[in-house]
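Trainee: Listed below, chain by chain, are the residues.
Protein chains: 2
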Amino acid sequence: MSSPLPTPRSKRQFSTDRLRRHVPILDWSRRYDRTTLTSDLVAAVIVTIMLIPQSLAYALLAGLPPEMGIYASILPLLAYAVFGTSRALAVGPVAVVSLMTAAAAGKIAAQGTPEYIAAAITLAFLSGVMLLAMGLFRLGFLANFLSHPVIAGFITASGILIATSQVKHILGIQAGGSNLIGMIGGIVAHLGDTQLTTLAIGAASLAFLFWVRRGLKPLLRSAGLPPRLADLLAKAGPVMAVALSILAVRAFGLADRGVAVVGDVPTGLPPLTLPSFAPSLWSDLFVSALLISVIGFVESVSVAQTLAAKRRQRIVPDQELVGLGASNIAAAFSGGYPVTGGFARSVVNFDAGAETPAAGAFTAVGLSLAALLLTPLLFFLPKAVLAATIIVAVLSLVDLSILRRTWTYNRVDFAAVAATILLTLLAGVEIGVSAGVALSILMFLYKTSRPHVAEVGLVPGTQHFRNIRRHRVETDPAVVTMRIDESLYFANAAFLQDLIYDRIVCDQPIRHVVLMCSAVNEIDMSALESLEAINTRLSELDIKLHLSEVKGPVMDRLKRSHFLVELSGEVFLSQYDAHTALTAQAQAAE
Amino acid sequence: MSSPLPTPRSKRQFSTDRLRRHVPILDWSRRYDRTTLTSDLVAAVIVTIMLIPQSLAYALLAGLPPEMGIYASILPLLAYAVFGTSRALAVGPVAVVSLMTAAAAGKIAAQGTPEYIAAAITLAFLSGVMLLAMGLFRLGFLANFLSHPVIAGFITASGILIATSQVKHILGIQAGGSNLIGMIGGIVAHLGDTQLTTLAIGAASLAFLFWVRRGLKPLLRSAGLPPRLADLLAKAGPVMAVALSILAVRAFGLADRGVAVVGDVPTGLPPLTLPSFAPSLWSDLFVSALLISVIGFVESVSVAQTLAAKRRQRIVPDQELVGLGASNIAAAFSGGYPVTGGFARSVVNFDAGAETPAAGAFTAVGLSLAALLLTPLLFFLPKAVLAATIIVAVLSLVDLSILRRTWTYNRVDFAAVAATILLTLLAGVEIGVSAGVALSILMFLYKTSRPHVAEVGLVPGTQHFRNIRRHRVETDPAVVTMRIDESLYFANAAFLQDLIYDRIVCDQPIRHVVLMCSAVNEIDMSALESLEAINTRLSELDIKLHLSEVKGPVMDRLKRSHFLVELSGEVFLSQYDAHTALTAQAQAAE
Chain S
1 MSSPLPTPRS KRQFSTDRLR RHVPILDWSR RYDRTTLTSD LVAAVIVTIM
51 LIPQSLAYAL LAGLPPEMGI YASILPLLAY AVFGTSRALA VGPVAVVSLM
101 TAAAAGKIAA QGTPEYIAAA ITLAFLSGVM LLAMGLFRLG FLANFLSHPV
151 IAGFITASGI LIATSQVKHI LGIQAGGSNL IGMIGGIVAH LGDTQLTTLA
201 IGAASLAFLF WVRRGLKPLL RSAGLPPRLA DLLAKAGPVM AVALSILAVR
251 AFGLADRGVA VVGDVPTGLP PLTLPSFAPS LWSDLFVSAL LISVIGFVES
301 VSVAQTLAAK RRQRIVPDQE LVGLGASNIA AAFSGGYPVT GGFARSVVNF
351 DAGAETPAAG AFTAVGLSLA ALLLTPLLFF LPKAVLAATI IVAVLSLVDL
401 SILRRTWTYN RVDFAAVAAT ILLTLLAGVE IGVSAGVALS ILMFLYKTSR
451 PHVAEVGLVP GTQHFRNIRR HRVETDPAVV TMRIDESLYF ANAAFLQDLI
501 YDRIVCDQPI RHVVLMCSAV NEIDMSALES LEAINTRLSE LDIKLHLSEV
551 KGPVMDRLKR SHFLVELSGE VFLSQYDAHT ALTAQAQAAE
Chain X
591 MSSPLPTPRS KRQFSTDRLR RHVPILDWSR RYDRTTLTSD LVAAVIVTIM
641 LIPQSLAYAL LAGLPPEMGI YASILPLLAY AVFGTSRALA VGPVAVVSLM
691 TAAAAGKIAA QGTPEYIAAA ITLAFLSGVM LLAMGLFRLG FLANFLSHPV
741 IAGFITASGI LIATSQVKHI LGIQAGGSNL IGMIGGIVAH LGDTQLTTLA
791 IGAASLAFLF WVRRGLKPLL RSAGLPPRLA DLLAKAGPVM AVALSILAVR
841 AFGLADRGVA VVGDVPTGLP PLTLPSFAPS LWSDLFVSAL LISVIGFVES
891 VSVAQTLAAK RRQRIVPDQE LVGLGASNIA AAFSGGYPVT GGFARSVVNF
941 DAGAETPAAG AFTAVGLSLA ALLLTPLLFF LPKAVLAATI IVAVLSLVDL
991 SILRRTWTYN RVDFAAVAAT ILLTLLAGVE IGVSAGVALS ILMFLYKTSR
1041 PHVAEVGLVP GTQHFRNIRR HRVETDPAVV TMRIDESLYF ANAAFLQDLI
1091 YDRIVCDQPI RHVVLMCSAV NEIDMSALES LEAINTRLSE LDIKLHLSEV
1141 KGPVMDRLKR SHFLVELSGE VFLSQYDAHT ALTAQAQAAE
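Line by line, the protein sequences are chains S and X. FYI, my numbering numbers position 5 of the first sequence as 5, with every residue one higher than the one before it. FYI, my numbering numbers position 32 of the second sequence as 622, with every residue one higher than the one before it.
This is chain S alone, in the form it adopts within the complex:
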């Protein structure tokens, strides 16, 4: 491709393009019109209704005061609207990240202390800086090392953990426990303390929310409502539960009868807060912040990609990192805690017609109004109702079918999923997801360290070569051809040597060994040295080593080494050439 020489004008053009790439709002805002505004406003109203109870509930899950959930749903959304690329992603507090925040901050201080809150704010800051750095250094690919089954297993196990952690609020008891067994033990030990009024409210909310999810939508549709409206009304279930329960608690004075309520929620816009800059806290939170960043990014980018694909749009993963990074930094400076793009909320935003990130900004305005006007009403909101909304939301994340699917398809993936689920449940979210990632990588390395190698022969009447164990093929006793089904690199260099030496020991008349390299995408320095050793060893035994079907980039690199000079045999373009030449040579020698 040729491009004109840069003139002052095209340079300016270039830097404007670049600015637009890093600040996407400059791009989409130029085409913003009244139609788009209407779509975005409608979506924002619906998401706001959904987000108010969620933000309170997830703050409860994170062990933080309810207003921090609201604060985390204001400035972070504005920041994402400026820097994010997804048209439909709804950023804010989400269940899994809230659980991870609780786990990380819980290692620093006890829930309810100022140190705990400071840890959560600092976590948002660190996570924001990491996301931003990953975006600027284009490290988004790191998220690829979380395999789909590991993510699925982690989300499922987190869902189970989160649901279990909320049972105490439904029962109105005090119970601790940081893993599944501890939580269940705590619940069983305090079962006698169950607060019956709280249980009644909690159970009723659960039943109501499940019914809204399963039963309301069909009912509304059979009542003649259009499907989208029915769907959206069903999403308002949690807000209805919140409103009804507040009314009930006020009317019957249930707060005086022992029902735990949210209590005083400060009225007003988010305060300016500062993360801690204590190096010891940073080092204590480093790994947790990294895990929160990566998990948050993966969750967010997968929903953003799915939604973008439906409208044939694209998102830019590295710019998404910048967007989420900016959101988390905004959360840290405005009394919030780690946020990311939520799955359910984004789908609602998309279905409601959000066309640009401005929908998120309007949602932030909605939440600001809630912070200014609605907080006094929240005093009597029972914690049991928030717990019920969490349980109903996260149970939809639980999908154990991944175990069956991986078991059928690939035992290696199954092992990774099973380990992730078990360790997340029993040892906590951080150990669970780290072990899943480590196990996936180790098993991939193990697999590539013992590659599939087939001894091949010519399929009669063709120029094709196939595995001698699977097909009826022609071979020459003096020529052994091995097709190596893997790149050659340090982890399998020794394996290759062993394999060839073993093959040579057992058969005596061999004069030629051909390595068919059609699936060898790389030969690194270790493998090169192994090939050199094989070549020397075979020469001593008066056996020639040949290569065939070496790929262009691999050949380019081999030419830079001495290997081709020292090679006792030849490099054949095709395996058929090798076969023809060597068979003739072997027969002439007889």
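I should point out that these hints are in silico values taken from the structure, not numbers from a laboratory. Beta carbons: idealized from backbone N, C-alpha and C, even for Gly. Be a bit skeptical, because a hint or two may be false.
To be verified - Which chain X residues face chain S? A few, computed with CB under 7 Å, are given here:
id, residue
1, 739
2, 996
3, 1080
4, 1116
Unchecked claim - Below, in silico cross-link-like pairs of lysine-lysine (PhoX-like), each with a Cα-Cα straight-line distance of 25 Å or less:
id, chain 1, residue 1, chain 2, residue 2
5, X, 1149, X, 1134
6, S, 559, X, 1037
7, X, 1037, S, 551
8, S, 447, X, 1037
9, S, 544, S, 447
10, X, 807, X, 900
11, X, 1134, S, 310
12, S, 544, X, 1037
13, X, 900, S, 447
14, S, 544, S, 559
15, S, 217, S, 310
Stated by the list, open to error - Label pairs and their computed distance ranges (CB to CB):
id, chain 1, residue 1, chain 2, residue 2, range
16, X, 728, S, 577, 38 to 44 Å
17, X, 1150, S, 221, 35 to 41 Å
18, S, 287, X, 833, 55 to 61 Å
19, X, 1155, S, 193, 52 to 58 Å
20, S, 193, X, 1088, 50 to 56 Å
21, S, 272, X, 728, 55 to 61 Å
22, X, 1150, S, 460, 28 to 34 Å
23, X, 998, S, 115, 52 to 58 Å
24, X, 1099, S, 16, 29 to 35 Å
25, X, 896, S, 460, 37 to 43 Å
26, S, 407, X, 727, 51 to 57 Å
27, S, 431, X, 826, 54 to 60 Å
28, S, 193, X, 1150, 48 to 54 Å
Using the hints, position chain X against chain S.
Mentor: Same frame as chain S, now just chain X:
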């Protein structure tokens, strides 16, 4: 293969075979005769002469009393003779492992304290248990993750570190420092304290040893000695230096003039010692012991393999782990410290004609005699002479050409070597080698996460398909064929999706996408889900997805999923079939 039904006799036979595999001495001792005995005895005498100064010197390097070097050269050799498979490997203290021992024990206590000695003994025990466990669980493949360049870089950097650490003994000064800069700083700071008599002895020894290595052999050969004898006499250089220096120190009373000498070395056979079983010490030494085990195993197995190959013998890596494990456990119970197979010593053993591991047992007898008879003579041995033998030995390990070779061949390998060398020199052996391994693995994963993908077309007049960017090929605007040069797995699943979506966006008339899978050796669950997503997305755009040249094992697995049912297109056996069918279809549609 069919095998007869097991009878009581063949069962017994089987268990005897199995016992012989795990205790190789039962195998080779049956064929032991007088000729073999003579060869082994000659080799043992020569290795003993070489090992006496080495065992003292390496104990000095490890910061341990000299007798521990001798003890580490007795029982461990007997243990290896029973359990090892290499005919020529000479086990005992070696330079790199001694340095690693000093680094690990130095983290626990100061040199010269009983705690330091206990840490070294415990390190031998832990390392022995780990090696044994790796052998029994067949985890020898783990050593493959140390790439050749990383090992080469690590050995080179260790050689530089070791040589530098000995300079203080040559100068007769006290100087500390745990990394290269610290050591050089320490030497420069104390240069004024240089003990001139010590320096004279040290410099003379260095000059003598270098001359023996470079000049003596040619001299002896020109004097008419046969090459092997000349070579072996040259190997006795360190023993001559030791003997001469002891005589000089005694004759001129140099010990009273400030020359540091070895001093009292207890006379007698190795004492029974016990490793510590304190859990805190175990956890402190765990990582160090693991690194010592792996590095020791890699060093040992590579020399054993090289030597075995010269006589067309084989060693069994997993059994070698058992042999080295037994040696290290023996070291822990007999006052020794971590041992492994040494490179230089094993080559001497091999050249001297060692035919079975019995040569090692005879060497142990030689060292026992030294422990009983020679220790009083060692009182006046100057430490500077031991330091000189170490420096001369390790400088032969230093080979910076690996930097140039990797730079030419493969920048990824170069980065791993450079990082290993720099970090070993500046941050220590443990961080250096760990970083090298981690970097190699990460870069391999990164590379496979962005595989080479070529869009291919038909080479006219053939059935071959080549990269459209490198060759003049035939293509159909309605058919896009992508050849993927890598297994598809979690780390590149997202990459594949992005790649195909990008390709689809820019060209409109596409009706068929073919993925040519000739180099795809594996499709894991994550990649399967990506393929399903691609299939769905393309279907929405009315584009069919096809596969071609799918390998047998990959196809077997795909058949266990729903993917083939949902696939919008077909699976073609060869790319040519795909081309013929789809081109015809596309033309018919026009």
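Trainee: Each hint needs a verdict: does it hold in this structure or not?
Mentor: So, going through the hints one by one against the coordinates:
1. 739: With a closest approach of 5 Å, the residue 739 of chain X hint holds.
2. 996: 5 Å, holds
3. 1080: 3 Å, holds
4. 1116: Hint holds; residue 1116 of chain X Cβ to chain S Cβ min 4 Å, cut 7 Å.
5. X/1149 x X/1134: 19 Å, holds
6. S/559 x X/1037: 21 Å, holds
7. X/1037 x S/551: 16 Å, holds
8. S/447 x X/1037: 16 Å, holds
9. S/544 x S/447: 29 Å, violated
10. X/807 x X/900: Holds, at about 23 Å.
11. X/1134 x S/310: Since the Cα atoms of residue 1134 of chain X and residue 310 of chain S sit roughly 17 Å apart, the hinted pair holds (cutoff 25 Å).
12. S/544 x X/1037: 32 Å, violated
13. X/900 x S/447: At roughly 30 Å apart (the allowed maximum being 25 Å), residue 447 of chain S and residue 900 of chain X break the hint.
14. S/544 x S/559: Given pair residue 544 of chain S, residue 559 of chain S holds - Cα atoms ~19 Å apart, limit 25 Å.
15. S/217 x S/310: 23 Å, holds
16. X/728 x S/577: 38 to 44 Å: Holds, since residue 728 of chain X and residue 577 of chain S (Cβ atoms, about 40 Å apart) stay within the stated range.
17. X/1150 x S/221: 35 to 41 Å: 38 Å, holds
18. S/287 x X/833: 55 to 61 Å: Cβ of residue 287 of chain S to Cβ of residue 833 of chain X: about 57 Å, so the range 55 to 61 Å holds.
19. X/1155 x S/193: 52 to 58 Å: 53 Å, holds
20. S/193 x X/1088: 50 to 56 Å: At 54 Å between Cβs, range holds.
21. S/272 x X/728: 55 to 61 Å: The hinted range 55 to 61 Å holds for residue 272 of chain S and residue 728 of chain X, with Cβ atoms some 60 Å apart.
22. X/1150 x S/460: 28 to 34 Å: 32 Å, holds
23. X/998 x S/115: 52 to 58 Å: 55 Å, holds
24. X/1099 x S/16: 29 to 35 Å: 33 Å, holds
25. X/896 x S/460: 37 to 43 Å: For residue 460 of chain S against residue 896 of chain X, whose Cβ atoms are near 42 Å apart, the range 37 to 43 Å holds.
26. S/407 x X/727: 51 to 57 Å: 24 Å, violated
27. S/431 x X/826: 54 to 60 Å: 57 Å, holds
28. S/193 x X/1150: 48 to 54 Å: 50 Å, holds
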